[in-house]
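Visitor: Single-letter residue listing:
2 protein chains.
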Amino acid sequence: MMRVAVAGYSTTKFSLDHSPIENLLFSATKQIFQNTKNISQKDIDAVLVSTNDTKRYLAPIVSELAGITPKISHSIESMCNSGTNAIVSGFSYISSGMADVVLVVGAEQAENPGQVLDWDASRGEFQHPIFWGTMFTKAHKRKHRTTDEDLAYVSALNHKNAQDNPVSYNSKKYTIEDVMNSKKLTDDLRVLDCSRSCYGSSAVLLASEKVAKKYTDTPVWIEGIGQKTTSASFTKNDLTRLDSTSDAASQAYSMAKITPDQIDVAEIHDAFSVCELMILEDLEITQKGQAAKMVRESYQTNNKKINPRGGLIGSGHPLGATGLAQISEIASQLTGNSSKRQVENARIGLIQNMSAAATSSTVLVMRQ
Amino acid sequence: MMRVAVAGYSTTKFSLDHSPIENLLFSATKQIFQNTKNISQKDIDAVLVSTNDTKRYLAPIVSELAGITPKISHSIESMCNSGTNAIVSGFSYISSGMADVVLVVGAEQAENPGQVLDWDASRGEFQHPIFWGTMFTKAHKRKHRTTDEDLAYVSALNHKNAQDNPVSYNSKKYTIEDVMNSKKLTDDLRVLDCSRSCYGSSAVLLASEKVAKKYTDTPVWIEGIGQKTTSASFTKNDLTRLDSTSDAASQAYSMAKITPDQIDVAEIHDAFSVCELMILEDLEITQKGQAAKMVRESYQTNNKKINPRGGLIGSGHPLGATGLAQISEIASQLTGNSSKRQVENARIGLIQNMSAAATSSTVLVMRQ
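In order, the protein sequence lines correspond to chains A and B. Just so we're aligned: 250 in my numbering is position 250 of the first sequence, and the numbers increase by one with no gaps anywhere. Just so we're aligned: 173 in my numbering is position 173 of the second sequence, and the numbers increase by one with no gaps anywhere.
Watch out, some of these pointers could steer you wrong.
As the list makes no split between identical chains, a pair holds if one copy fits it or if it spans any two.
Unchecked claim - Heads up, simulated DSS-like pairs for lysine-lysine below, C-alpha to C-alpha not over 30 Å straight-line:
hint	residue 1	residue 2
1	Lys-172	Lys-141
2	Lys-257	Lys-210
3	Lys-293	Lys-30
4	Lys-143	Lys-213
5	Lys-42	Lys-236
6	Lys-42	Lys-257
7	Lys-257	Lys-30
8	Lys-160	Lys-172
Hints were generated in silico from the structure; no laboratory data involved.
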């Protein structure tokens, strides 16, 4: 199996300013051409677009805008998990020998209707993500005695990290009190516990081992991949466990031949504050019930190991771009390019992404 | 590179009867389970959905409906060329060793708005496919002295073949006169020159060489793959050439190590009657300007080599299902399962699919 490297990456400014989906896709693509040495349009074998947008034929459209005439071009959608699905697809084109260079580009508009799963009788009237977010929160509180203050630390930490991320949608500082006093949306969730849908785009250039060095002196290798879909509807036995994430993590650790304690830096999908706690536990980065303590310590010691760019809560959540922005951040961290956000001596990085109450998850392990 | 086989296939009845997209996807999937020996839900590593529908998360949804919990699940869209893109993606997951069994399932609803490309200033007011269809027709008439009667033979032949296809949407017989007297839509195209958007679904089960024999005694191998995107907009130098198709064909012939004269049976994308002529020429199945003569002879001699199931004009065109229905037909032909439609001694089959005025194309070569 041919090894696959991240040879280039870019993330545009996340914002609430309206921009057409084509422009968002083109902006991230243009940055890849500006950031990556020796890259030429004719080198690109495949263009994969990650989005939940309802516009069709976006991969040929962004190809034409950028002057690329690829062999393979199509859109990939799996709600919030689209970007990481597109990366795994790009990985397979390269590792099978069908392509040497794959451009994966993702984008979303804040008001895109595809952000809420409208199929699923099990969710009843409660289709908006905030309802599964609040059910997860109730369950975590009950099982692990998690407090509102514990949750507030997740939000405050992510917002603090986002201040050093020049492309985050929000660079305001929020204290624990600010979070706890923010508007209550449900019994258990306040507005600052939630990630914010926004406009944004991100792109990742994947290259085979054969050609990666042409485009970068510091390739970052995708060494572990795990994916799992457990269902589409919100039918769970244990509301304190994200089964698809723990399954995907086992696969990824096994493929990369690492244990969770070896991870130096991780981007995880904090759709709601409770998700960050559950994910840290299900990735076995910490023990069950210990994540709140870990987050509190990270806040107090300024430890940026988890979500250095500010996660979804701090930097914003343009669905189709999120997975790619996570990968861009880890690639940046592992090559020492994260300036104020830099985690020292980061050698092994992890990405965890998921959709729709973690009914599906992707976990990637990357190494310098 | 691991070899990849079609180990199962199904196509549901194409019709104009409304059916929810989830039901269409589930119907084709259910048929795969009914038609394929030893197949079990737990064997399926990936579920790829091909559709232009605007509903999200359809791959996890159809997985849940069918009791599958795959590793990989997402939707793939590239307009009419979606199904064949999804097959090439499934091929790459298997040939890279990341999966052994991939279910690809496609469906469309007749009134889905995603059937018309609404980006593209070069098309001006003429965004509906019929306008590029008519421009192609004018150019072919001018260059090759193609007549309205030549075009009518394409439609009559496809409708004749569709009569032996139990899942075609239309089983009426049309004479040359019927076609020529059908309603004129543009200067050059009549209603019976056009393929018909409809409801329908189709599924293909791909399996690695390692496991294919568990599911079928007669695997059909995907031996040649070619894909090309030249643009998204209707910007062409020569309106009598489908550049993406000829480029994809060269790649596929070279990978499969065949010449076009070795093809025994082919499914090609006759969106409009003129497309069938252009494709036969660009695939080099016949010489430039000779396709009309070939079609006329096929009609007179009852030769079913081209579009034995009736093509898009005869059997209907549910966008996301079309590429998979083409592959199902070729798999059926190469295993001698096409009853009245059977082409004798068919050993090598070809699929040509394309999107949006052939701005992108896929060509596959399959062998028993």
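Visitor: Starting from the hint list further up, note which numbers the structure goes against and sort them upward.
Guide: 3, 4 and 7
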